[in-house]
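Asker: Taking the hints into account, I'd like the entire structure generated from these sequences.
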Amino acid sequence: LSTTYVTFMVAMGTSLADGAWGRDSAVYRVAGVVTVIGGWFFTAFVAFTAAFIVAFLISWGGIISILGLVILAAFILYRSSRLHRKRDAELKKKLEILEISTEEYNGDNILISCTKSVYQTLSTVSLLFANSIGGLVGLKRKTIKRNIKEIKELNKEVKFLKNNIFQTISKLQEDEIESGHYYVQVLDYLRETAHSLTFIADPIAIYIDNNHPPLIKGQQDDLQELSELIGTFFSNIIQTIKDSDFSKLDDLLDTQQFLLDSITKLKKRQLKRIKNGETGTKNSELILNTLTETKNLLLYTVNLLKAQRDFVAYASEDSS
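Mapping of the sequence shown onto the UniProt record's numbering: position 45 corresponds to residue 45, and the numbering continues sequentially without gaps.
Be a bit skeptical, because a hint or two may be false.
[As the list claims (entries may be wrong)] Distance ranges between label pairs, derived from CB positions:
id, residue 1, residue 2, range
1, Gln257, Arg87, 43 to 49 Å
2, Ala51, Lys149, 45 to 51 Å
3, Gly277, Lys142, 30 to 36 Å
[What the hints assert, rightly or not] Computed cross-link-like contacts, DSS-like style, restricted to lysine-lysine with a CA-CA straight-line distance of at most 25 Å:
id, residue 1, residue 2
4, Lys242, Lys145
5, Lys116, Lys275
6, Lys306, Lys275
7, Lys162, Lys152
8, Lys159, Lys272
9, Lys282, Lys142
10, Lys149, Lys116
11, Lys217, Lys272
12, Lys142, Lys152
13, Lys152, Lys86
14, Lys140, Lys217
Don't read these hints as lab results, they were simulated from the structure. We treat Cβ as the ideally placed atom computed from N, Cα and C, and that holds for glycine.
Answerer: In structure tokens form, the structure reads like this:
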């Protein structure tokens, strides 16, 4: 620890003297110094305590304690190995998301990477939306919990893309900055689309966890039909983005409007149920929230589609 301490403090002191502690980084550097030094003291205290406990157990229990400690050590090694593999898998996934080497930052490569990220993300969004509705209709607690976990992972992936905007844009050539604008716009809508899933799934999970009554038959039929229509809509959008063929955009916009009108009708139908006393407060709140957030999901998805179209159109004009 002493060698590490000297090395760390010299590095921090040198960077301070060189003026590297700007306003953007000073607070993080100070927090880092405090955290590292505190970590050393904590490590020393834990090591001392652990050594005392191990020595006491061996002295008190003899061979039985030694066997128990060996089993415990084996379990800790196994668990650490699993965590390490999981972190490696997450890192690999993040690198695959970026998929642009440091020497190849240009408009064309950003478009290729962005297109792949968009249709892969929308494929996941479509699946998770269907699972959310299916979990609500069937009151499937495990499905919803697993779904929420996957939605969180999706949001982390999209956030990772957004957090790397600075790195991506800063490595573009001067004449390619315009493509960076379209890239940022696509990621903004991608983030909002992923967020919409959270606002749909979280209230459903709360409703199921609190053991509220199941949906009535009419509500189940309405949501299942809507989910199937939206699934088909997403499939068409994904294929459009995959092929970079936006000739059927008007048809997709007509489909979106049809779905938005359908959501409005379902809201009115739910209001009639409230008026007739067919459903309770929590049930009604959940249905109305689900329909509203589904509407937002459709709006953000089409905005994402338009932004992707503009990106592709700009790239085509720029290369010609």
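Asker: Hints first: check each against the structure and report whether it holds.
Answerer: Comparing the hints with the structure gives:
{"no.": "1", "hint": "Gln257 - Arg87: 43 to 49 Å", "verdict": "45 Å, holds"}
{"no.": "2", "hint": "Ala51 - Lys149: 45 to 51 Å", "verdict": "38 Å, violated"}
{"no.": "3", "hint": "Gly277 - Lys142: 30 to 36 Å", "verdict": "32 Å, holds"}
{"no.": "4", "hint": "Lys242 - Lys145", "verdict": "30 Å, violated"}
{"no.": "5", "hint": "Lys116 - Lys275", "verdict": "47 Å, violated"}
{"no.": "6", "hint": "Lys306 - Lys275", "verdict": "39 Å, violated"}
{"no.": "7", "hint": "Lys162 - Lys152", "verdict": "15 Å, holds"}
{"no.": "8", "hint": "Lys159 - Lys272", "verdict": "40 Å, violated"}
{"no.": "9", "hint": "Lys282 - Lys142", "verdict": "21 Å, holds"}
{"no.": "10", "hint": "Lys149 - Lys116", "verdict": "23 Å, holds"}
{"no.": "11", "hint": "Lys217 - Lys272", "verdict": "15 Å, holds"}
{"no.": "12", "hint": "Lys142 - Lys152", "verdict": "16 Å, holds"}
{"no.": "13", "hint": "Lys152 - Lys86", "verdict": "16 Å, holds"}
{"no.": "14", "hint": "Lys140 - Lys217", "verdict": "16 Å, holds"}
In this structure, the hints that do not hold are numbers 2, 4, 5, 6, 8, in rising order.
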